[in-house]
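*Asks:* Just so we're on the same page, the working numbering is the position in the sequence shown counted from 1, plus 7.
In short, the hints are calculated from the structure, not lab data.
Quick reminder that beta carbons are idealized off the backbone N, C-alpha and C, glycines included.
One thing to keep in mind: the hints can contain errors.
Here are the computed lysine-lysine pairs in the DSSO-like style, where the Cα-Cα straight-line distance is at most 27 Å [to be verified]:
id, residue 1, residue 2
1, K72, K48
2, K63, K38
3, K63, K27
4, K38, K64
5, K48, K64
6, K52, K72
7, K52, K64
8, K27, K69
9, K27, K52
10, K38, K72
11, K27, K48
12, K63, K48
13, K69, K48
14, K69, K38
15, K38, K48
16, K27, K64
17, K52, K69
18, K38, K52
19, K27, K72
20, K63, K52
So the derived label-pair ranges between C-beta atoms look like this [unchecked claim]:
id, residue 1, residue 2, range
21, F56, D26, 27 to 35 Å
22, T54, D26, 17 to 25 Å
23, D26, S55, 28 to 36 Å
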Amino acid sequence: MEKSKIISSKISGAINSQDKNTLMSVIINVKEANYVPDWLKIRNKITSFIFTSEVKKADLIKLEKDQQIISVSLNQRLNMIK
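Please take these sequences and the hints and turn them into a complete structure.
*Replies:* Below is the structure:
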């Protein structure tokens with residue numbers, strides 16, 4: 008019996024069917040300290056390996072292919088309980 012290869016994505020979180028140019032808030036974890044892709048702008052630095060940014064939905068593919076990126080988490084707005 009042949010085992011099938013499981014492919015996991017670096018991206019976690021719900022992606023809705025927004026326009027591909029809509030900005031999404033993300034948390035990015037990288038392999039090398041202070042690494043930031045040259046096309047990306049840091050929104051907030053959490054540690055030397057973790058930062059937040061805003062990317063277009065269409066640019067998630069670039070993040071997925073970047074070998075220096077460990078993971079990308081999509082921020083989700085939480086509803087406040089009153």
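*Asks:* Does each hint hold? Answer for all of them.
*Replies:* Hint-by-hint comparison with the structure:
1. K72 / K48: Holds: K72 and K48 sit about 18 Å apart, inside 27 Å.
2. K63 / K38: 22 Å, holds
3. K63 / K27: Judged against 27 Å, a Cα distance of about 6 Å means the pair holds.
4. K38 / K64: Holds - the C-alpha atoms of K64 and K38 are around 22 Å apart, at most 27 Å.
5. K48 / K64: 15 Å, holds
6. K52 / K72: Holds, at about 22 Å.
7. K52 / K64: 21 Å, holds
8. K27 / K69: 13 Å, holds
9. K27 / K52: 25 Å, holds
10. K38 / K72: 14 Å, holds
11. K27 / K48: 18 Å, holds
12. K63 / K48: 12 Å, holds
13. K69 / K48: 14 Å, holds
14. K69 / K38: At roughly 16 Å apart (the allowed maximum being 27 Å), K38 and K69 satisfy the hint.
15. K38 / K48: 18 Å, holds
16. K27 / K64: 5 Å, holds
17. K52 / K69: Status holds; Cα separation ~20 Å.
18. K38 / K52: 15 Å, holds
19. K27 / K72: 18 Å, holds
20. K63 / K52: 19 Å, holds
21. F56 / D26: 27 to 35 Å: 31 Å, holds
22. T54 / D26: 17 to 25 Å: Violated, since T54 and D26 (Cβ atoms, about 32 Å apart) do not stay within the stated range.
23. D26 / S55: 28 to 36 Å: 33 Å, holds
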